[in-house]
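There are 4 protein chains.
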Amino acid sequence: MAINVVIAGPRGKMGSEAVKMVLNEEDFRLVACIDRKNDGKTLNSIISSVDATVPIYDDIETCLDQQKEVDVLVELSVPEAGYKHTKCAINHGIRPVVGTTGFTENQLAELDELAKKQNIGCIIAPNFAIGAVLMMKFAKMAASYFPDVDIIEKHHDNKLDAPSGTAIKTAELISENRTVKQQGHPEEKETLTGARGADVDGMKVHSIRLPGLVAHQEVIFGSAGQTLTIKHDSIDRASFMDGVKFCIERVLESKGLTYGLENIL
Amino acid sequence: MAINVVIAGPRGKMGSEAVKMVLNEEDFRLVACIDRKNDGKTLNSIISSVDATVPIYDDIETCLDQQKEVDVLVELSVPEAGYKHTKCAINHGIRPVVGTTGFTENQLAELDELAKKQNIGCIIAPNFAIGAVLMMKFAKMAASYFPDVDIIEKHHDNKLDAPSGTAIKTAELISENRTVKQQGHPEEKETLTGARGADVDGMKVHSIRLPGLVAHQEVIFGSAGQTLTIKHDSIDRASFMDGVKFCIERVLESKGLTYGLENIL
Amino acid sequence: MAINVVIAGPRGKMGSEAVKMVLNEEDFRLVACIDRKNDGKTLNSIISSVDATVPIYDDIETCLDQQKEVDVLVELSVPEAGYKHTKCAINHGIRPVVGTTGFTENQLAELDELAKKQNIGCIIAPNFAIGAVLMMKFAKMAASYFPDVDIIEKHHDNKLDAPSGTAIKTAELISENRTVKQQGHPEEKETLTGARGADVDGMKVHSIRLPGLVAHQEVIFGSAGQTLTIKHDSIDRASFMDGVKFCIERVLESKGLTYGLENIL
Amino acid sequence: MAINVVIAGPRGKMGSEAVKMVLNEEDFRLVACIDRKNDGKTLNSIISSVDATVPIYDDIETCLDQQKEVDVLVELSVPEAGYKHTKCAINHGIRPVVGTTGFTENQLAELDELAKKQNIGCIIAPNFAIGAVLMMKFAKMAASYFPDVDIIEKHHDNKLDAPSGTAIKTAELISENRTVKQQGHPEEKETLTGARGADVDGMKVHSIRLPGLVAHQEVIFGSAGQTLTIKHDSIDRASFMDGVKFCIERVLESKGLTYGLENIL
Numbered sequence: 001m002a003i004n005v006v007i008a009g010p011r012g013k014m015g016s017e018a019v020k021m022v023l024n025e026e027d028f029r030l031v032a033c034i035d036r037k038n039d040g041k042t043l044n045s046i047i048s049s050v051d052a053t054v055p056i057y058d059d060i061e062t063c064l065d066q067q068k069e070v071d072v073l074v075e076l077s078v079p080e081a082g083y084k085h086t087k088c089a090i091n092h093g094i095r096p097v098v099g100t101t102g103f104t105e106n107q108l109a110e111l112d113e114l115a116k117k118q119n120i121g122c123i124i125a126p127n128f129a130i131g132a133v134l135m136m137k138f139a140k141m142a143a144s145y146f147p148d149v150d151i152i153e154k155h156h157d158n159k160l161d162a163p164s165g166t167a168i169k170t171a172e173l174i175s176e177n178r179t180v181k182q183q184g185h186p187e188e189k190e191t192l193t194g195a196r197g198a199d200v201d202g203m204k205v206h207s208i209r210l211p212g213l214v215a216h217q218e219v220i221f222g223s224a225g226q227t228l229t230i231k232h233d234s235i236d237r238a239s240f241m242d243g244v245k246f247c248i249e250r251v252l253e254s255k256g257l258t259y260g261l262e263n264i265l
Numbered sequence: 001m002a003i004n005v006v007i008a009g010p011r012g013k014m015g016s017e018a019v020k021m022v023l024n025e026e027d028f029r030l031v032a033c034i035d036r037k038n039d040g041k042t043l044n045s046i047i048s049s050v051d052a053t054v055p056i057y058d059d060i061e062t063c064l065d066q067q068k069e070v071d072v073l074v075e076l077s078v079p080e081a082g083y084k085h086t087k088c089a090i091n092h093g094i095r096p097v098v099g100t101t102g103f104t105e106n107q108l109a110e111l112d113e114l115a116k117k118q119n120i121g122c123i124i125a126p127n128f129a130i131g132a133v134l135m136m137k138f139a140k141m142a143a144s145y146f147p148d149v150d151i152i153e154k155h156h157d158n159k160l161d162a163p164s165g166t167a168i169k170t171a172e173l174i175s176e177n178r179t180v181k182q183q184g185h186p187e188e189k190e191t192l193t194g195a196r197g198a199d200v201d202g203m204k205v206h207s208i209r210l211p212g213l214v215a216h217q218e219v220i221f222g223s224a225g226q227t228l229t230i231k232h233d234s235i236d237r238a239s240f241m242d243g244v245k246f247c248i249e250r251v252l253e254s255k256g257l258t259y260g261l262e263n264i265l
Numbered sequence: 001m002a003i004n005v006v007i008a009g010p011r012g013k014m015g016s017e018a019v020k021m022v023l024n025e026e027d028f029r030l031v032a033c034i035d036r037k038n039d040g041k042t043l044n045s046i047i048s049s050v051d052a053t054v055p056i057y058d059d060i061e062t063c064l065d066q067q068k069e070v071d072v073l074v075e076l077s078v079p080e081a082g083y084k085h086t087k088c089a090i091n092h093g094i095r096p097v098v099g100t101t102g103f104t105e106n107q108l109a110e111l112d113e114l115a116k117k118q119n120i121g122c123i124i125a126p127n128f129a130i131g132a133v134l135m136m137k138f139a140k141m142a143a144s145y146f147p148d149v150d151i152i153e154k155h156h157d158n159k160l161d162a163p164s165g166t167a168i169k170t171a172e173l174i175s176e177n178r179t180v181k182q183q184g185h186p187e188e189k190e191t192l193t194g195a196r197g198a199d200v201d202g203m204k205v206h207s208i209r210l211p212g213l214v215a216h217q218e219v220i221f222g223s224a225g226q227t228l229t230i231k232h233d234s235i236d237r238a239s240f241m242d243g244v245k246f247c248i249e250r251v252l253e254s255k256g257l258t259y260g261l262e263n264i265l
Numbered sequence: 001m002a003i004n005v006v007i008a009g010p011r012g013k014m015g016s017e018a019v020k021m022v023l024n025e026e027d028f029r030l031v032a033c034i035d036r037k038n039d040g041k042t043l044n045s046i047i048s049s050v051d052a053t054v055p056i057y058d059d060i061e062t063c064l065d066q067q068k069e070v071d072v073l074v075e076l077s078v079p080e081a082g083y084k085h086t087k088c089a090i091n092h093g094i095r096p097v098v099g100t101t102g103f104t105e106n107q108l109a110e111l112d113e114l115a116k117k118q119n120i121g122c123i124i125a126p127n128f129a130i131g132a133v134l135m136m137k138f139a140k141m142a143a144s145y146f147p148d149v150d151i152i153e154k155h156h157d158n159k160l161d162a163p164s165g166t167a168i169k170t171a172e173l174i175s176e177n178r179t180v181k182q183q184g185h186p187e188e189k190e191t192l193t194g195a196r197g198a199d200v201d202g203m204k205v206h207s208i209r210l211p212g213l214v215a216h217q218e219v220i221f222g223s224a225g226q227t228l229t230i231k232h233d234s235i236d237r238a239s240f241m242d243g244v245k246f247c248i249e250r251v252l253e254s255k256g257l258t259y260g261l262e263n264i265l
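Residue numbers (the UniProt record's numbering), protein chains in the order written: chain H, 1 to 265; chain F, 1 to 265; chain D, 1 to 265; chain W, 1 to 265.
In short, the hints are calculated from the structure, not lab data. Heads up, a few of these hints could be off.
Which copy? The list can't say, so a pair holds if one copy fits it or any two copies do.
Lysine-lysine pairs mimicking BS3-like chemistry, simulated, CA-CA at most 30 Å apart [to be verified]:
hint: 1; residue 1: Lys13; residue 2: Lys189
hint: 2; residue 1: Lys68; residue 2: Lys140
hint: 3; residue 1: Lys255; residue 2: Lys37
hint: 4; residue 1: Lys231; residue 2: Lys140
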């Protein structure tokens with residue numbers, strides 16, 4: 001039997017990919033979308049490449065009151081609406097799979113309690129790319145055995161911040177398992193400032209920015225005679241859809257709030 | 001307090017590296033060696049680069065009867081002696097860390113029972129390179145999420161067999177978690193035979209042989225918009241010593257037989 | 001002063017990228033397009049993302065008769081029209097930059113002679129990706145010094161042929177400089193058929209096909225103690241536009257036919 | 001007919017590799033060595049792994065006066081002796097292949113003139129690793145087409161200086177062809193200092209230091225939709241011997257001084 005899905009944010013970058021994915025998967029059925037702008041229209045009238053006549057609602061309450069057989073809400077709209085949509089779904093006994101960010105600690109605790117009361121699952125994932133999450137998970141595991149590690153992240157040259165959020169998150173996860181040490185030779189000298197990269201507890205982070213790149217990261221662990229490298233290359237937003245699909249299936253079996261894909265992979 | 005170690009096979013490729021490692025580690029103390037050829041001599045007289053006057057025995061029984069404070073036997077001699085040395089150590093209440101191969105299923109079962117009776121641990125590891133074992137472990141884990149995977153192994157051009165044993169072992173581990181599928185386009189054509197590599201349950205294995213290489217492997221998982229790569233590069237036998245060291249420490253805390261580093265990493 | 005450009009094939013994959021590029025470059029001016037379907041219309045009426053009111057002609061003769069100040073024809077239509085368009089341009093004293101394929105040896109000789117008579121340049125390039133052409137050029141150069149080489153090409157899993165055309169072309173170029181030898185150990189054995197890849201004069205070619213890949217190739221040369229790797233990663237058709245731009249500038253300075261970007265890089 | 005070779009510095013790191021290489025090559029014959037310490041002895045008496053009874057001289061004049069059929073001097077001793085050995089060889093009509101560093105501009109000019117007068121060749125090469133020299137040469141060539149480039153060099157963690165000399169040399173060569181530009185987004189921010197690496201004319205250089213690495217460098221060029229990477233991995237001093245061998249053969253055909261392998265590759 002198909003899993004019935006409502007998607008919030010169907011015109012967004014992630015949301016439009018999710019629409020395509022849900023329509024293409026045999027086991028999923030798209031029953032409605034939530035879009036603050038296009039109440040009463042059908043999906044094909046607002047996204048020309050889609051030919052599904054799925055109804056659009058601007059109000060989630062109305063949507064979930066009218067659509068009686070929804071299993072999962074995929075929430076990919078905007079931070080301002082994320083909490084309201086997620087809470088409303090749980091109150092209707094519908095499991096949320098949420099990519100929206102900006103939840104407070106209190107909101108997360110409340111949603112967890114609410115989901116448990118309803119005896120259903122709820123997954124909130126800041127990063128749906130299974131490959132990226134596995135890279136971080138493996139890096140954290142390897143850090144127990146190899147205290148020497150460099151992170152090299154590579155992105156397109158329009159990126160403003162260096163290092164990337166993923167690189168910083170990876171360094172934090174590694175730090176949980178790594179024996180702290182100052183890497184490199186104690187007397188090493190930078191003849192050109194910055195050559196050795198950024199320092200996080202003695203480990204090093206390097207940011208490459210070039211046209212022709214999208215989003216890439218490699219984590220290199222070294223010990224006598226060997227290196228172990230874990231690398232993720234992402235070239236397309238489609239890379240997030242495997243994770244959304246995985247969560248739609250998993251949320252049906254889980255109870256309470258799961259925060260972060262790494263906790264169910 | 002130091003861990004007292006006996007090494008069997010001190011003149012071998014692995015054994016001589018282990019001698020160096022144990023002598024260099026502050027927390028380890030080398031108390032004797034087992035060598036079928038040099039009974040009664042001291043280590044410095046048979047390995048010129050070592051200045052330790054550690055006694056050498058050709059018979060393990062005599063050694064373990066005379067040396068009263070041994071904690072761990074590191075067995076790196078030859079398959080013919082491995083079983084006898086390991087069993088003798090357990091009988092003396094000494095934990096074996098074994099790199100020798102060639103144990104039968106019955107022998108493994110017997111050693112497990114014996115170790116449990118003595119209430120001590122015993123570790124037998126066909127591969128001590130922590131990086132290689134983690135690569136295989138991570139590849140197996142990732143295979144649950146990504147059924148599309150290619151293994152590329154690269155070795156020096158004097159290697160006789162292709163694919164490498166590690167590549168075959170990796171493919172087997174991946175198969176335990178991977179949804180079987182025939183990869184590539186159903187109608188793909190090899191215009192040059194062999195281009196698509198060897199086939200294992202629909203996944204592909206490629207063997208590169210070139211001078212200038214030592215022992216390298218990468219496992220590449222692909223899904224829409226992303227790839228995840230796990231890569232191990234080994235350039236020196238020193239890469240095994242991290243694993244031997246790790247096992248010497250771990251065997252003190254374990255009970256019964258552990259077969260394979262992957263089960264304690 | 002700007003270079004005045006006419007583009008043939010503005011609705012094609014390459015042509016539409018070329019339209020964007022020419023419109024964005026300060027030094028180029030798009031004066032007309034050739035399109036067999038939309039005679040008399042303007043560009044903005046057939047490509048919604050473009051706001052240029054450039055006239056469209058279905059006949060190149062008429063176009064070049066009316067447009068008096070054209071410097072370069074960028075021919076990216078279809079093989080059937082390529083020869084006619086190129087010849088017509090040269091007859092009008094306009095330099096062609098051609099990405100269309102399918103020219104015969106006789107046609108190439110004729111176009112060369114014609115261009116020389118007009119004292120103008122003409123560039124026909126089967127591959128406009130400067131990075132890919134440099135990879136092949138460098139691989140050919142390196143082959144003079146390193147007879148041991150493996151080619152690993154990686155593409156998306158919808159590709160039908162293996163190895164890729166670029167890999168075969170690279171092997172051919174390498175063969176021009178490489179001392180022929182059978183690589184690997186003389187007694188090496190494939191325990192799984194195909195592991196060692198396809199054989200071209202003793203060198204090896206490996207084809208990876210995975211979702212998440214686009215078009216990638218690495219050429220690895222090995223000799224005692226070292227490897228040299230030349231790698232090209234292409235993720236987008238935009239990669240061809242650097243080459244088209246380069247040719248538009250170069251064709252103004254050249255005389256006669258240049259076939260292949262490698263001869264002017 | 002074999003090429004007769006004299007090696008200066010047979011006990012050094014490079015020299016001892018050169019001894020092995022010359023003895024192993026069928027077309028080369030080792031006729032004598034220059035060593036300030038072991039005058040009158042034979043090679044096998046000072047290097048135990050060699051069984052050649054080649055005579056050793058402490059004075060190059062005496063050596064070249066007595067040995068009548070020397071074709072090439074391979075000079076791998078120490079900077080203090082390099083100039084004297086090279087000049088003496090040329091004066092005897094013997095072609096020098098020199099890896100020693102520390103020559104002044106004046107000395108180079110004098111040696112060039114001297115070699116031309118004798119109508120023979122002389123090659124002085126600060127780096128004999130053909131792969132590394134080709135990497136630099138290709139990087140310089142590619143820089144004409146791609147102004148966006150990052151250099152990532154990776155070395156063992158006992159290295160004191162960052163970036164490596166090869167990385168600095170590569171950046172200098174790239175600068176000869178590259179259009180100067182400040183890479184990355186004009187408003188990019190380092191949230192961790194050093195993340196973006198060292199800056200050389202707007203291009204970036206990153207230095208990785210980890211145990212398990214030896215000497216590696218990759219040069220990555222990026223442009224819209226593509227990257228081109230040139231990578232050299234060196235794991236053993238044997239990597240220099242291909243270049244020494246190449247120079248021994250080439251110096252016989254050249255006239256005057258050649259400085260740098262890049263000028264004859």
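Task: Hint check, failures only - done: 2 and 3
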